[in-house]
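Protein chains in written order, with our numbering: chain H, 1 to 215; chain U, 1 to 248.
Quick caveat, the hints were computed from the structure, so don't treat them as lab data.
Do not take every clue at face value.
[Unchecked claim] Between beta-carbon pairs, the in silico distance windows are:
| id | chain 1 | residue 1 | chain 2 | residue 2 | range |
| --- | --- | --- | --- | --- | --- |
| 1 | U | Glu122 | H | Pro191 | 49 to 59 Å |
| 2 | H | Pro191 | U | Ser62 | 22 to 32 Å |
| 3 | U | Val19 | H | Val26 | 32 to 42 Å |
| 4 | U | Ser245 | H | Gly185 | 38 to 48 Å |
| 5 | U | Gly191 | H | Pro191 | 42 to 52 Å |
| 6 | H | Pro128 | U | Val9 | 25 to 35 Å |
| 7 | H | Asn184 | U | Gln174 | 18 to 28 Å |
| 8 | U | Thr5 | H | Lys7 | 24 to 34 Å |
| 9 | H | Pro191 | U | Lys136 | 24 to 34 Å |
| 10 | U | Ala108 | H | Pro191 | 34 to 44 Å |
[What the hints assert, rightly or not] Taking lysine-lysine and the DSSO-like style, the derived pairs with C-alpha atoms no more than 27 Å apart in a straight line are:
| id | chain 1 | residue 1 | chain 2 | residue 2 |
| --- | --- | --- | --- | --- |
| 11 | U | Lys162 | U | Lys45 |
| 12 | U | Lys105 | H | Lys100 |
| 13 | U | Lys45 | H | Lys40 |
| 14 | H | Lys92 | U | Lys38 |
| 15 | U | Lys162 | H | Lys100 |
| 16 | H | Lys173 | U | Lys200 |
[What the hints assert, rightly or not] Which residues of chain H face chain U? A partial, calculated answer using Cβ under 10 Å:
| id | residue |
| --- | --- |
| 17 | Thr36 |
| 18 | Ala37 |
| 19 | Asn65 |
| 20 | Ile67 |
| 21 | Ile78 |
| 22 | Val79 |
| 23 | Ser82 |
| 24 | Ile86 |
| 25 | Ala93 |
| 26 | Lys100 |
| 27 | Arg153 |
| 28 | Ser158 |
| 29 | Gly163 |
| 30 | Ile171 |
| 31 | Gly185 |
| 32 | Leu189 |
By construction, the Cβ of each residue, glycine as well, lies at the ideal position given by its N, Cα and C atoms.
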Amino acid sequence: MGILSKKDAALIKDPLFDNNPITIQVLGICSALAITAELKASIVMALSVLFVLGVGNVVISLMRNIIPSKIRIIVQLIVVASLVIIVDLVLKAFAYELSKTLSVFVGLIITNCIIMGRFEAFALGNGPWKSFLDGVGNALGYGVILVIVGFFRELLGSGTLLGFKVLGDPIEKTGLYAIGYENNGFMLLSPMALIVVGIIIWVQRSKNKTLIEEA
Amino acid sequence: MSKKTEGNVYTIGFAIVMVIVVGSLLAFMASSLKPNIKENQRIEKQQNILYAMGVNENDETSANFVSTTVAGQEFAKYIKKQLVIEDGKVTENENAYLIDVKKEKDRAKKGETRRLPLFVGEKDGKTFYVAPIRGKGLWDAIWGYVAMDENMVVQGAYFDHKGETPGLGANIKQRYFMDDFIGEHLMTDSGEFKGITVAKGNNDPTNEDKTDHEVDALAGATITGDGVSAMIKGDLALYVPFFKSLKK
Numbered sequence: 001m002g003i004l005s006k007k008d009a010a011l012i013k014d015p016l017f018d019n020n021p022i023t024i025q026v027l028g029i030c031s032a033l034a035i036t037a038e039l040k041a042s043i044v045m046a047l048s049v050l051f052v053l054g055v056g057n058v059v060i061s062l063m064r065n066i067i068p069s070k071i072r073i074i075v076q077l078i079v080v081a082s083l084v085i086i087v088d089l090v091l092k093a094f095a096y097e098l099s100k101t102l103s104v105f106v107g108l109i110i111t112n113c114i115i116m117g118r119f120e121a122f123a124l125g126n127g128p129w130k131s132f133l134d135g136v137g138n139a140l141g142y143g144v145i146l147v148i149v150g151f152f153r154e155l156l157g158s159g160t161l162l163g164f165k166v167l168g169d170p171i172e173k174t175g176l177y178a179i180g181y182e183n184n185g186f187m188l189l190s191p192m193a194l195i196v197v198g199i200i201i202w203v204q205r206s207k208n209k210t211l212i213e214e215a
Numbered sequence: 001m002s003k004k005t006e007g008n009v010y011t012i013g014f015a016i017v018m019v020i021v022v023g024s025l026l027a028f029m030a031s032s033l034k035p036n037i038k039e040n041q042r043i044e045k046q047q048n049i050l051y052a053m054g055v056n057e058n059d060e061t062s063a064n065f066v067s068t069t070v071a072g073q074e075f076a077k078y079i080k081k082q083l084v085i086e087d088g089k090v091t092e093n094e095n096a097y098l099i100d101v102k103k104e105k106d107r108a109k110k111g112e113t114r115r116l117p118l119f120v121g122e123k124d125g126k127t128f129y130v131a132p133i134r135g136k137g138l139w140d141a142i143w144g145y146v147a148m149d150e151n152m153v154v155q156g157a158y159f160d161h162k163g164e165t166p167g168l169g170a171n172i173k174q175r176y177f178m179d180d181f182i183g184e185h186l187m188t189d190s191g192e193f194k195g196i197t198v199a200k201g202n203n204d205p206t207n208e209d210k211t212d213h214e215v216d217a218l219a220g221a222t223i224t225g226d227g228v229s230a231m232i233k234g235d236l237a238l239y240v241p242f243f244k245s246l247k248k
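Between the sequences and the hints, there should be enough to build the whole structure, so can you do that?
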């Protein structure tokens, strides 16, 4: 990363792997379980969070010296909520089709604990550029897990990827279905998302033993 | 953090300024974008109605509307009459498609008469009657348009939702679900209105039997499916007198 100093690069890289918001900090689990039944929804949610967290972190960072500490959480909430409403309105006005596909996700962004977490833990104490990198890094770390979970749930649950029937047609019994393969409907339900996230955590920690907490 | 940001006066002042700034920003955004949003919703209604009667750009598996740029022309071309049924009286109204079904339902709840819009379309020499329906899903509103022939046999359906679960209830707007309704009968042979039920275990997953008043349910979306059954039964039953009068 030529244009970024080593410290700045770490702001993006850390949350992607060794300090991932979902698998290490266990934040944002709720939305990771709810919306990962389809790969497309996962990607869209990841992009929405990327925008809100990137911009929100900068806004909070710019205001960090004037926010009264007694009401800082409320101020943070207002910033997230306003950003989300603005995104929603702009999409409805200029990209109506896309806003229909997003539907509930836009609203769900507000409830994402990663966003409030980064505002509180990072943007309140750091400059705008660093906060922007931190926001982007955390959103990417969140997005990567979402896409991985969405990939496996859609593939094993519906036999499709982004809506394309990659494993053949289950009703006409072509492709894999011809030799008796069946979709696992359980993959579409939220508990399996938790199990997939669990498997990712397991793989990650067995590769990097330093991540394992002392019992 | 410096001392000056700790005082009560400062805190309250900050809160007031913040609320005013954010409030006016959002109000400004909302009112300046409102015409665009309204226009998009108007075009979408036309697209929905056309979709139900088979004017669409579907490819093999996905559902696609006619493009927004031609929706107005196509609507004028295919929709021959827009009717409003009020208390049994049928009148023509060229803006019937703008009637808000939700408001009409609320009026009916208050005991006032409900205006029922119905769109008469023609395509390839066939006449379609398209009716809007609206109901409740698991999380929020669901609605749709059902195109029928004069015997109340479904010719096409379009469903949409405000916030059903993606991958589960949201699949009511998938082709494989909507297409299942095509050919289904709403009336029994003896001329009674029975509707169509979204049924689990109807032993007819490929939907060969069109007179069983059942289509195959979606896995993991029982409540949304029940909502679809309920809105078809509830809202389309209101049109039965009109269809009976067609036969006389």
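Status of the hints after comparison with the structure:
Between U:Glu122 and H:Pro191 the CB atoms are about 50 Å apart, so this pair conforms to the stated range of 49 to 59 Å. Separation of H:Pro191 from U:Ser62 is about 29 Å and conforms to the stated range, judged on CB atoms against 22 to 32 Å. With their beta carbons about 34 Å apart, U:Val19 and H:Val26 fall inside the hinted range of 32 to 42 Å. One distance hint, 38 to 48 Å for the beta-carbon pair U:Ser245 and H:Gly185, holds here, with the actual separation near 46 Å.
Between U:Gly191 and H:Pro191 the CB atoms are about 48 Å apart, so this pair conforms to the stated range of 42 to 52 Å. Hint check: H:Pro128 to U:Val9, Cβ distance near 28 Å, so the stated range 25 to 35 Å holds. Checked against the hint of 18 to 28 Å, the pair H:Asn184 and U:Gln174 passes, with Cβ atoms roughly 19 Å apart. Checked against the hint of 24 to 34 Å, the pair U:Thr5 and H:Lys7 passes, with Cβ atoms roughly 28 Å apart.
At about 26 Å, the beta-carbon gap between H:Pro191 and U:Lys136 stays in the expected band of 24 to 34 Å. About 41 Å separates the C-beta atoms of U:Ala108 and H:Pro191, a value consistent with the hinted range of 34 to 44 Å. Proximity of U:Lys162 to U:Lys45 is assessed by CA-CA distance (about 14 Å); at most 27 Å being required, the pair is judged to hold. As the CA atoms of U:Lys105 and H:Lys100 are separated by approximately 24 Å, the hinted pair is consistent with the 27 Å bound.
Note on U:Lys45 and H:Lys40: the hinted pairing holds, with a Cα-Cα distance of about 25 Å set against a maximum of 27 Å. The hinted pair formed by H:Lys92 and U:Lys38 meets the criterion: a straight-line CA distance of about 9 Å does not exceed 27 Å. Distance restraint check for U:Lys162 and H:Lys100: the Cα-Cα separation of roughly 9 Å lies within the 27 Å cut-off, and the hinted pair is therefore satisfied. Between H:Lys173 and U:Lys200 the alpha-carbon distance is near 22 Å, which keeps this suggested pair within the 27 Å criterion.
Nearest Cβ of chain U to the Cβ of H:Thr36: about 8 Å, under the 10 Å cut. The hint holds. The restraint placing H:Ala37 at the interface with chain U holds, with a minimum CB-CB distance near 3 Å, inside the 10 Å limit. About 7 Å separates the beta-carbon of H:Asn65 from the nearest beta-carbon of chain U, less than 10 Å, and the hint is met. Given the 10 Å rule on beta carbons, the hint for H:Ile67 holds: about 7 Å separates it from the nearest Cβ of chain U.
Restraint check, H:Ile78 versus chain U: the minimum CB separation of about 6 Å is within 10 Å; hint holds. The beta carbon of H:Val79 comes within 8 Å of a beta carbon in chain U, closer than 10 Å, and the hint placing it at the interface holds. Residue-level restraint check for H:Ser82 holds (minimum Cβ-Cβ distance to chain U is 5 Å; threshold 10 Å). With a cut of 10 Å, the hint placing H:Ile86 at the interface with chain U holds, because the nearest CB-to-CB distance is about 6 Å.
This hint holds: H:Ala93 has a C-beta 4 Å from the nearest C-beta of chain U, less than the 10 Å allowed. For H:Lys100, the suggested interface contact is upheld, since its CB lies about 8 Å from the closest CB of chain U, less than 10 Å. With a least beta-carbon distance of about 8 Å to chain U, the hint placing H:Arg153 at the interface is held under the 10 Å criterion. The closest approach between the C-beta of H:Ser158 and any C-beta of chain U is roughly 8 Å, which is under the 10 Å cut-off, so the hint is satisfied.
About 7 Å separates the beta-carbon of H:Gly163 from the nearest beta-carbon of chain U, less than 10 Å, and the hint is met. Of the supplied interface hints, the one on H:Ile171 holds, with its beta-carbon coming within about 7 Å of a beta-carbon of chain U, less than 10 Å. A cut of 10 Å between beta carbons decides the hint on H:Gly185: the least distance to chain U is about 5 Å, and the hint holds. For the restraint placing H:Leu189 at the interface with chain U, the shortest Cβ-Cβ distance is roughly 6 Å, inside the 10 Å limit, so the hint holds.
When each numbered hint is compared with the structure, no violation occurs for any of them.
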